[in-house]
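Using the hints, position chain S against chain F.
In order, the protein sequences belong to chains F and S. Numbering follows my numbering, with no gaps: position 300 of the first sequence is 365. Numbering follows my numbering, with no gaps: position 78 of the second sequence is 79.
Hints in this document: simulated from the structure, not taken from any laboratory. Keep in mind that the hints are not guaranteed to be accurate.
Unchecked claim - Computed list of lysine-lysine pairs in DSS-like fashion (alpha-carbon distance at most 25 Å, straight line):
#1 Lys477/F with Lys41/S
#2 Lys90/F with Lys270/F
#3 Lys270/F with Lys339/F
#4 Lys513/F with Lys473/F
#5 Lys535/F with Lys454/F
#6 Lys313/F with Lys41/S
#7 Lys91/S with Lys386/F
#8 Lys477/F with Lys23/S
#9 Lys105/F with Lys137/F
#10 Lys112/F with Lys137/F
#11 Lys399/F with Lys25/S
#12 Lys115/F with Lys71/F
#13 Lys399/F with Lys94/S
#14 Lys25/S with Lys477/F
#15 Lys386/F with Lys23/S
#16 Lys23/S with Lys383/F
#17 Lys313/F with Lys288/F
#18 Lys383/F with Lys94/S
#19 Lys386/F with Lys25/S
#20 Lys308/F with Lys457/F
#21 Lys25/S with Lys383/F
#22 Lys399/F with Lys7/S
#23 Lys7/S with Lys386/F
#24 Lys90/F with Lys105/F
#25 Lys339/F with Lys306/F
#26 Lys477/F with Lys326/F
#27 Lys383/F with Lys91/S
#28 Lys399/F with Lys23/S
#29 Lys454/F with Lys306/F
#30 Lys41/S with Lys399/F
#31 Lys454/F with Lys41/S
#32 Lys477/F with Lys37/S
#33 Lys386/F with Lys94/S
#34 Lys270/F with Lys88/F
#35 Lys337/F with Lys454/F
#36 Lys91/S with Lys477/F
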Amino acid sequence: MRIANKSTSAVSLIKASLEKIEKHKDKNIFTFINAEPALKKAEEIDKKIKKGEPVGRLAGVPYALKDNFLSKEGETTASARILTGLESPIDATCVEKLEAEGAIMVGRTNLDAFAHGSSTENSYFGPTKNAFDSERVAGGSSGGSAVAVALDCVEFATGTDTGGSIRQPASFNGVFGIKPTYGTISRYGVVAMASSTDVLGFFAKSAADLDLLMEIASGHDEKDMTSLPDFYGSADVELGKKKIGFVKEFVESPALAPELKTALEEKLSLAKSKGYEIIELTLPALEYALAAYYIIQPAEVASNLSRYDGIRYAYRTKTLKSPKISSADKSSEKTALENLFLNTRSEGFMRENKRRIMIGNFVLSSGFYDAYFLKAAKARTLIIQEFEKAFKSVDAILSPVAPNPAFKLGEKVNDPVSMYLEDVMSVPVNLAGLPAVAFPAGSTTSEKTPHLPLGLQLIGPRRSDKNLLKLVEELV
Amino acid sequence: MEITEKEINHLADLSNFSLDEKEKSALKTDLQNIFKYISKLNELDTENVEPTYQVFEMENVWRPDEIIPQDADREALLALSAEQEDHQIKVPKVL
Chain F
66 MRIANKSTSA VSLIKASLEK IEKHKDKNIF TFINAEPALK KAEEIDKKIK KGEPVGRLAG
126 VPYALKDNFL SKEGETTASA RILTGLESPI DATCVEKLEA EGAIMVGRTN LDAFAHGSST
186 ENSYFGPTKN AFDSERVAGG SSGGSAVAVA LDCVEFATGT DTGGSIRQPA SFNGVFGIKP
246 TYGTISRYGV VAMASSTDVL GFFAKSAADL DLLMEIASGH DEKDMTSLPD FYGSADVELG
306 KKKIGFVKEF VESPALAPEL KTALEEKLSL AKSKGYEIIE LTLPALEYAL AAYYIIQPAE
366 VASNLSRYDG IRYAYRTKTL KSPKISSADK SSEKTALENL FLNTRSEGFM RENKRRIMIG
426 NFVLSSGFYD AYFLKAAKAR TLIIQEFEKA FKSVDAILSP VAPNPAFKLG EKVNDPVSMY
486 LEDVMSVPVN LAGLPAVAFP AGSTTSEKTP HLPLGLQLIG PRRSDKNLLK LVEELV
Chain S
2 MEITEKEINH LADLSNFSLD EKEKSALKTD LQNIFKYISK LNELDTENVE PTYQVFEMEN
62 VWRPDEIIPQ DADREALLAL SAEQEDHQIK VPKVL
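Chain F extracted, bound-state conformation (with noise of 0.2 Å):
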């Protein structure tokens, strides 16, 4: 990436980050430009560089900042109406190492709200639009940040991912994106989305730029009890049997485009030429996985989202009367509060909110949980028993990110059930919680659909990442 120095201005590469951010208005990638305050941090930079001062490893590096992250930058709203309005007096902790390497953030990047969703259209902003063509999405969650990144609006950005949201849109969009291993970089001051699977991570050109990203954003933090020792560059699983594996009933799907499958095929030639064993996997539980992933992950958004009821920050409804219809038979009894709640919630979520909402109470409540919340649980464990197997017999999986490249927009956002079918290769490593990398391979070619990005993930025993990383720059 381009990094400030003697010869290169800080407020040189700001000011291009700004204008191809202009350019490219039209995609509706940003909910907000950081321009002023970006410029004069970049001023501050070259006076540094001048005075031969030193500077951080991401000098005078524009990148966009999803906007389910906190900083003291503009409103986090996560895209979701309940939070418009939010002045976050706290920067997340993965926005302060990389200020304090010297990046500039530039905007932030619109998601689905609450990163409920695989297309970005579930956006309260409206929905971003593909890097390669306007009428399809950019994938999702982290829509904004994967075309941000692919029309070099910026040098990098950041993501989440909590069943894909940093890959799909990464392979959708022809970038890089590494989901990490769970717990490796902190989540505070991310909004959450399902707890036991949230990851944050990034989107760059290069595999090389995520790992110079990983060295700076991973580690322990005692804000997020979740976090992990510092294991990134010191403390990594090796990656040495040289076998690569790919999964059988992935490549077998009917699901699966024609494209995506030659893509696969055609790395995985590429491994073997350069000296990887291919190893065929059977993982028959992973079948399961997107079932298990559509209960767990709405149990914790449910939990997640009650916090939000108009009282302590963002959106507060201005009605306190009962809703004229409403959900509740005893809703004449409401007292002005509850009715604050009550409406706050209703006008704050989109429908992909409620939905979600609505299913984790249900996979919650008593009558249910052994038979969908425990259930999946247990399925949890067999996927990741799966995978820990796989993992001793070969040092990562190579597989699609997504059974198809870029749909189209308004195609699938009125059927959740085609919706969340895009996440059937993802899910199974965030339920996993081990790292993968999203890369590109190639683009399709056929006369309807020219120049839509393949996106293929490398998928690795936790831990890996590093070595994860080294290994896709050998396969592109």
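Below, chain S without anything else, positioned relative to chain F:
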């Protein structure tokens, strides 16, 4: 599984939001389709399998019981609420 209107109302009640008629009928169809899909899990044999609730590899993370200075002070946090009075968050009358 059949999702009835009564169940939709109950779930909206548990979730603390209200739904208009249009939302209700759309969500009824959506939830029915979603539950049909996730019931696929019943095919999986989970006899004698322990559940997994988290994939964090550590247990009992301790720290000394000391106050750690936070980034935001009381006033900054209070200022985030829609209404304040006398250094407190103001809400509508409860009683």
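Violations among the numbered hints, reported as their numbers in ascending order: Of the numbered hints, 17, 30, 36 do not hold.
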